[in-house]
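Peer 1: Sequence:
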Amino acid sequence: MSPENDLQSPSLGFSSTRDDLTMSCGDLDSSHELGRRSRARSSLQTRTPEADISCHGDFASGKSPFLKILMDAEAAANSAAIQLVSFKDAMEDEFADSRHSAVDKRRITRQRGLLLEKLEDFKRINKSVRQKLKRLQEAEASRTDADQQIDILLKKITLAESENEHLKRDLSETERRVEELMDLRKEEQGNIKTAVHMTKSVEATRVHLQGQLHNKEAENNRLTAQLRILERTLTEQKMEIDDLRGSITSLTDKAAQDKESLKKATRAQKQRAERFEAAIEKCYEQLKEKDSQLANARLERESRRRQKEQMTDEKDKLDAHVELLKSQIADLTARLQREKCELTAANETVMQRVEKLSTENGDLSVNNAALKVSVAQLEQQLDDCESALIEEKVVSQERKHQAEQSQYQVTELQAEIEDLRIKYANILKETEEMCDGKSTTADKMESQTKLLSSSMEMKESIHEANLQLQEKLNSLQKQMDKLQQENLELVRRLAAQEEALSYSNRQLDQRSTECQALSRQLEAALSDVKQQVNKVTDQAHSREEALSTKILELEAEKSRRDNELRLLRQSKLTAERQFEVRLKDLQLSLDQSESHKQSIQNYVDFLKNSYKTMFDEGLQTSTFGSSYFLK
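Residue numbers are given in full-length UniProt numbering: position 195 of the sequence shown equals residue 195, and the series is strictly consecutive.
I should point out that these hints are in silico values taken from the structure, not numbers from a laboratory.
Don't take each hint at face value.
[Unchecked claim] Here are the simulated DSS-like pairs of lysine-lysine, each with C-alpha atoms no more than 27 Å apart in a straight line: (1) Lys550 x Lys238; (2) Lys315 x Lys326; (3) Lys168 x Lys156; (4) Lys68 x Lys132.
[As the list claims (entries may be wrong)] Ranges between beta-carbon positions, derived for each pair: (5) Lys308 x Asn609: 46 to 52 Å; (6) Ile600 x Glu260: 22 to 28 Å; (7) Asp605 x Ala295: 41 to 47 Å; (8) Glu544 x Leu567: 43 to 49 Å; (9) Glu217 x Glu564: 32 to 38 Å; (10) Gln337 x Gln380: 53 to 59 Å; (11) Glu165 x Asp145: 43 to 49 Å; (12) Arg493 x Gln516: 29 to 35 Å; (13) Val581 x Lys238: 45 to 51 Å; (14) Thr233 x Leu567: 16 to 22 Å; (15) Ser595 x Lys288: 47 to 53 Å; (16) Glu564 x Asp528: 49 to 55 Å.
We put the CB at the ideal spot given by N, CA and C, even for glycine.
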């Protein structure tokens with residue numbers, strides 16, 4: 001129950017007085033506890049120990065009449081309790097004695113009247129105490145509201161400070177991230193440049209490798225063509241070898257047959273050969289003599305032919321020399337005529353020149369003076385040119401100075417950028433100082449609350465404190481609005497910077513993805529090119545090795561077959577020579593046999609004729625035939 005309800009309800013009877021007493025004591029204790037808690041909270045937050053001591057002293061001095069009232073109420077309550085105990089004892093005695101005397105009734109009525117008086121006094125004191133408690137509760141409620149508002153403001157200030165610190169950290173982090181992103185952007189640009197250079201080098205290497213591949217392919221085609229040519233030559237040589245082998249076999253067969261026939265013929269012709277060897281030797285000697293004569297005749301003919309050729313050459317040279325001399329004589333006569341004409345014309349021109357020189361000497365004297373003047377002018381122009389050169393040097397120096405000034409302006413701009421950064425840091429410091437000022441205003445508010453608590457008149461001081469607190473709250477609200485606006489501006493700036501950073505991050509991500517894609521493509525292209533190069537080199541090496549082995553094998557086979565062909569040709573030549581020799585021998589033997597046969601046939605015919613004549617003519621013819629036979 002609240003104190004207002006206790007005041008409205010009638011306090012008749014014992015139970016009502018006890019309840020009122022207990023409730024009033026509980027309300028008082030709760031009010032004391034609320035005051036202690038608010039004072040402890042305010043002292044823990046902002047107060048110093050000296051301020052706490054002064055505040056407690058002021059509060060004790062302000063509550064001294066209220067303590068007196070409370071002590072009176074406690075004394076009245078004690079007396080009412082004593083009176084109530086005595087009235088209870090009297091009532092028990094009355095209930096114990098069934099007899100009622102007038103003295104006892106008077107005593108009971110007197111005690112009842114005293115009890116009622118005590119209760120009335122207690123009610124009156126309790127009412128005054130409740131009013132005081134109500135006032136104190138109102139003051140405490142207003143003070144707790146002010147403390148709560150101060151706590152809320154302090155929390156808002158701490159939140160604003162934390163937000164400012166967070167914003168500062170965000171700004172520093174964003175600046176650091178911007179610098180890191182700029183460094184990353186520079187690195188990415190460098191990586192892009194290196195990637196572009198790598199792509200160019202890869203393209204150059206790819207073109208070079210393609211050229212090498214084309215060259216290798218051309219060499220391979222050439223080698224394959226050479227191999228085909230070699231294979232064709234080998235097949236042709238094989239065919240020739242087969243033909244030669246067939247011809248050799250046929251020749252060997254013929255030679256075997258010829259050997260057998262020659263053996264038979266040689267056996268028959270040995271005797272004939274022995275007969276004709278002497279005649280052949282004589283023929284050889286005659287042939288040698290004729291060969292020597294023919295050689296001498298040939299030498300004489302060659303010498304005569306050479307002499308004749310020398311004579312014809314000398315004659316041709318003399319004719320050509322005569323023609324040259326004739327042409328030179330004609331040229332010399334023409335030159336003499338031309339020189340005569342030129343000399344006459346030159347004499348005339350010399351005379352004219354002499355006249356002109358005589359006339360020009362006067363002009364030269366005039367021109368010398370003019371030339372001296374022009375030389376002076378040229379010297380002046382030279383001086384002007386030197387001065388112009390000096391001016392040009394000065395202008396170039398001024399341009400250099402302007403370039404240095406532009407560089408200095410660039411450095412000044414960089415310094416201005418640094419100044420802007422410093423100003424931005426100063427603005428941040430000013431915001432921190434504003435926060436510190438807010439904390440000082442909060443301290444002032446706490447001191448004012450201390451002064452309010454130390455005032456004697458609770459209502460007026462609390463009302464004035466409420467007005468001041470309202471004003472301070474309005475000012476603090478304005479400052480909070482300003483801080484919120486500044487925070488919003490900072491948030492907008494941070495949002496803009498974050499958007500720029502996100503845009504730059506997106507661009508960097510895109511660039512990085514593009515660079516990564518390019519690097520992957522380059523790596524893939526390089527790996528493909530390397531694989532292709534390795535494959536091509538392996539294929540080329542394998543082809544070269546196979547070709548080299550094939551070439552070596554073919555060269556060995558070619559050399560072997562060349563040796564075989566050479567041997568076969570030599571054997572063929574020897575066989576042909578032997579065959580020709582044997583054919584010649586056979587032809588000679590056949591000729592000799594034919595001649596011998598013819599001679600024998602002649603001899604037989606002669607014998608027949610001789611025998612005929614012998615039988616016809618007689619002994620003379622027989623002696624003539626015998627003498628002829630002997631010859």
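Peer 1: Taking the numbered hints from earlier one at a time, note which ones the structure violates and give those numbers from smallest to largest.
Peer 2: 5, 8, 11, 13 and 15
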